[in-house]
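Visitor: Heads up: the sequence lines are chains A and B, in that order. If you're matching positions, the first sequence starts at 1 in this note's numbering and goes up one per residue. If you're matching positions, the second sequence starts at 1001 in this note's numbering and goes up one per residue.
Careful, some of the hints might be misleading.
[Unchecked claim] So these bits of chain A aren't anywhere near chain B, every CB distance computed over 12 Å: (1) M1; (2) P53; (3) L59; (4) T61; (5) L69; (6) P98; (7) I113; (8) R114; (9) S117; (10) S120; (11) R182; (12) Q192; (13) E255; (14) Q259; (15) L263.
[Unchecked claim] Here are the computed lysine to any residue pairs in the SDA-like style, where the Cα-Cα straight-line distance is at most 20 Å: (16) K1088(B) <-> N1008(B); (17) K243(A) <-> E145(A); (18) K48(A) <-> V1039(B); (19) K48(A) <-> I1227(B).
[Stated by the list, open to error] Interface residues of chain A toward chain B, partial, derived using beta-carbon atoms under 7 Å: (20) P28; (21) G29; (22) D33; (23) R34; (24) R36; (25) T42; (26) F163; (27) I167; (28) C169; (29) A171; (30) A175; (31) S195; (32) H199; (33) L201; (34) A227.
Rather than coming from a laboratory, the hints here were simulated on the basis of the structure. Every residue, glycine too, gets a C-beta built ideally from N, C-alpha and C.
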Amino acid sequence: MGIQEQYRSEAAALLSSGEVKLVIGFGPGSTADRRRPLFARTPEEAEKLVLDPACISNLTTYLVAGGLLSDGKKVAIFLKPDGIRSLNILVSECQVKPEQVVIFGYAIENNEIRPLSGRSIGDFAEIGSKIRTATPPPAVQKEAERLEAMSPAERFEFWKEQFSKCIKCYACRQACPMCYCRRCIVDVNQPQWVSTSSHTLGNFEWNLVRAFHLAGRCAACGACDRACPVNIPLRLINYRMGKEVKEAFDYHAGESSDQKPVLASFSQDDPETFIL
Amino acid sequence: MTRILPKNKLDDCIAAWQKAGYSVLAPVQRHDMSSFDEVQKASDMALDLILTERTIKDHFFPQTEPLIKYKISKHDIDSETMTPPDKKRIFFGVRPCDASGLAIDDPLFGWDYKDDYWFRRRNNSVIVTIACAEADDFCMCTSVKLSPDSTKGADVMLRPLASGNGWQIEAVSERGTALLDTVSPLLQESSDQAAPVPQVAEKFDVEKVMEWLADPANFESQFWKDISMRCIGCGSCTFLCPTCHCFDIQDEGDTYQGIRRKNWDSCSFALFTMHTSGHNPRNAQSTRWRQRIMHKFNYYQGKFGVNSCSGCGRCTRQCPVDMGITETLQAITNLPR
Ligand code: SF4
Ligand code: SF4
Ligand code: SF4
Ligand code: SF4
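Please model the entire structure based on the sequences and the hints provided.
Guide: Okay, structure coming up:
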């Protein structure tokens, strides 16, 4: 039995026994190369689940949307390592109770699916432990190095051009599992702290807010980058912020589900280079 | 014999138009994104794109638009109305769906109040549509009763020649006739055949859809919840749609001075209908998605006699969770009656 069939029947069993109320996985998309999130609530619906190398999106976003877990019931979810990493972050930030989530883990390697064993977040410690030594995808690394080699003025010009494309649709925020705020700062409108205008300044404001709020919290799943309809290379911002946090605090977001959120915790060894 | 614009005359054409005082905007691929932007020569254009990611709507109804500049002092308020620059523009290489989008939005912006910002730009623009030579899996113009060679919204219609050497060219409005007069020496008579128009399969039955939507019993149907479960409410389908036109008015500045702006807004956002009290009549994504579909295929039709969709397919093409209106309308078409 292939992994897709195995997970399908396990998902169906979890649903028919009532152990989980919902299975969040993937189904066929609108074209041959697309997959879309699929929500199975019955064993019959679980038969439609698909698992193949086109299943690339990070579904953890749905765990923190619309109060899904607020009834205390369990859900099952298909996650690859970056999804597991996001779940670690969500658990460490007390947004998800680990006992409410059953994981169907998988990895995509050489265009093939490999199952990851374990069903609850604690079973995936090895994935977290690899984050420290992992290298970013070569394309990201290359682009990041190109930017780092620029003068500050050139780099500013680069981002100005990119941000001038932004239309403030907030797809990057909506796609991000870490942007779970009930009311995002840009939506706080009494008073309107951050202007809603999508001019260059407004776009800078938004993208800086996003960059700062995700520093030390990003799982590098690329959901924001894929969601951006105007192709702003958001991955490069996340990568850079992750690097800053790593260098300042030796911190790698999502290593484990019990790590302390880096910017919300204090340690006596924290560098204080910012104090003049 | 028909008139043609040979490809190798396009540079001269642009120069002639510029000399006549027009800016020429065309599909371009810049900074990892395709959109309409000003060009100087034919080689700046990306005419092979099936469709630009951004629409020409951006140039008629920009994402943010200053309306009034104001200053408040102890005894009075000074204000100055800001209007868009009155520059003559040619949009060259518009796809039929995007040109139709403008025509679909005209009645909206001219209904109870004539939106000067929209009509100033409409009146100073000439739309040169190029019929499609290729369509992709998401194109759905035929489903909304348009076609890859529709002249709706166009002033001049171009049909690519089978040889690839140029376009058959025809004025379809007075403004179009006037535009062609400025370049008539560059046009030739030819018997070259136009390339065949691509077959775009009808994806849903729009009549059936409208009928189902018009039945008040379906407003609270479970259908809306099921179909929209995966929508993350990002709003990019509305911002990239050539016909979506919702906006918000915001004052930007401090207590004493500022600018009043008209900014894009989206029915996909929870904030869109949030009352000051905190009550939100559209408090779930399913109700917002229903609004989008109802607005496009019921309310707009009722008010202006046309659906607010030109079938460009962008809402499906770029949706991060592979939604878009096509699937919903297909599902409605196939619902048991
Ligand atoms: S950008 Fe910041 S405030 Fe907005 S949702 Fe994300 S984390 Fe929350
Ligand atoms: S997804 Fe892209 S265009 Fe939309 S708000 Fe984010 S950066 Fe801007
Ligand atoms: S349908 Fe897709 S593009 Fe539109 S708001 Fe929902 S998730 Fe975003
Ligand atoms: S609703 Fe979708 S297909 Fe219709 S015009 Fe808008 S983006 Fe295009």
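Visitor: Does each hint hold? Answer for all of them.
Guide: Hint-by-hint comparison with the structure:
Listed as outside the interface, M1(A) is consistent with that label: its C-beta sits roughly 27 Å from the nearest C-beta of chain B, beyond the 12 Å cut-off. The Cβ of P53(A) lies farther than 12 Å from every Cβ of chain B, with a closest approach of about 16 Å, so its non-interface assignment holds. For L59(A), the requirement that its beta carbon stay farther than 12 Å from each beta carbon of chain B is not met, with the minimum near 9 Å. Here T61(A) does not stay apart from chain B, with its beta-carbon only about 6 Å from theirs, under the 12 Å limit.
Chain B leaves L69(A) outside its interface by the beta-carbon criterion, the shortest separation being 15 Å against a cut-off of 12 Å. Interface exclusion of P98(A) from chain B stands, the closest Cβ pair being 23 Å apart, more than 12 Å. Distance to chain B confirms I113(A) as a non-interface residue, since its nearest Cβ pair spans about 19 Å, more than 12 Å. Distance check on R114(A): its Cβ is at least 24 Å (rounded) from any Cβ of chain B, clearing the 12 Å threshold; non-interface status holds.
Once the 12 Å rule is applied to beta carbons, S117(A) is consistent with being away from chain B; the minimum gap is 28 Å. Distance to chain B confirms S120(A) as a non-interface residue, since its nearest Cβ pair spans about 24 Å, more than 12 Å. Not every beta carbon of chain B lies more than 12 Å from that of R182(A), the smallest distance being close to 10 Å; the non-interface claim is violated. A Cβ of chain B approaches the Cβ of Q192(A) within 12 Å, the least distance being about 7 Å, so the stated non-interface status is violated.
At the 12 Å boundary, the C-beta of E255(A) stays outside the reach of chain B, the nearest C-beta of that chain being 27 Å off. With a least beta-carbon separation of about 27 Å from chain B, Q259(A) lies farther than 12 Å from that chain, consistent with its non-interface assignment. With a closest Cβ-Cβ approach of about 25 Å to chain B, L263(A) is found to remain outside the 12 Å limit, as its non-interface label requires. About 24 Å separates the Cα atoms of K1088(B) and N1008(B), which puts this hinted pair outside 20 Å; it is violated.
Among the hinted pairs, K243(A) with E145(A) is consistent with the structure: their alpha-carbon atoms are about 12 Å apart, no more than 20 Å. At most 20 Å may separate the alpha-carbon atoms for a hinted pair to count; K48(A) and V1039(B) exceed this at roughly 49 Å. For the hint pairing K48(A) with I1227(B), the CA-to-CA distance comes to about 15 Å; that is within 20 Å, so the pair holds. At its closest, the beta carbon of P28(A) sits 9 Å from a beta carbon of chain B; the interface hint therefore is violated under the 7 Å criterion.
At about 5 Å, the closest approach between the beta carbon of G29(A) and any beta carbon in chain B falls short of 7 Å, and the interface hint on this residue holds. For D33(A), the suggested interface contact is broken, since its CB lies about 10 Å from the closest CB of chain B, more than 7 Å. For the restraint placing R34(A) at the interface with chain B, the shortest Cβ-Cβ distance is roughly 5 Å, inside the 7 Å limit, so the hint holds. Checking R36(A) against chain B: minimum C-beta separation of about 4 Å stays under 7 Å; hint holds.
Against a cut-off of 7 Å between C-beta atoms, the interface hint on T42(A) is violated, since the closest Cβ of chain B lies about 12 Å away. Interface hint status for F163(A): violated, as the beta-carbon distance to the closest one in chain B is roughly 10 Å, over 7 Å. Among the interface hints, the one on I167(A) holds; its C-beta lies about 5 Å from the nearest C-beta in chain B, closer than the 7 Å criterion. Here the hint on C169(A) is kept, as its CB sits about 4 Å from the closest CB of chain B, short of 7 Å.
With 7 Å as the threshold, the beta carbon of A171(A) comes within range of chain B, its nearest partner Cβ sitting at about 4 Å, so the hint holds. Nearest Cβ of chain B to the Cβ of A175(A): about 5 Å, under the 7 Å cut. The hint holds. Annotation: interface hint on S195(A) holds; nearest CB of chain B at approximately 5 Å, less than 7 Å. Hint status for H199(A) relative to chain B: holds, with the closest Cβ pair at about 5 Å, below 7 Å.
Contact between L201(A) and chain B, as hinted, is not supported at the beta carbon level, the nearest pair being about 10 Å apart and thus beyond 7 Å. At its closest, the beta carbon of A227(A) sits 4 Å from a beta carbon of chain B; the interface hint therefore holds under the 7 Å criterion.
When each numbered hint is compared with the structure, violations occur for hints 3, 4, 11, 12, 16, 18, 20, 22, 25, 26, 33.
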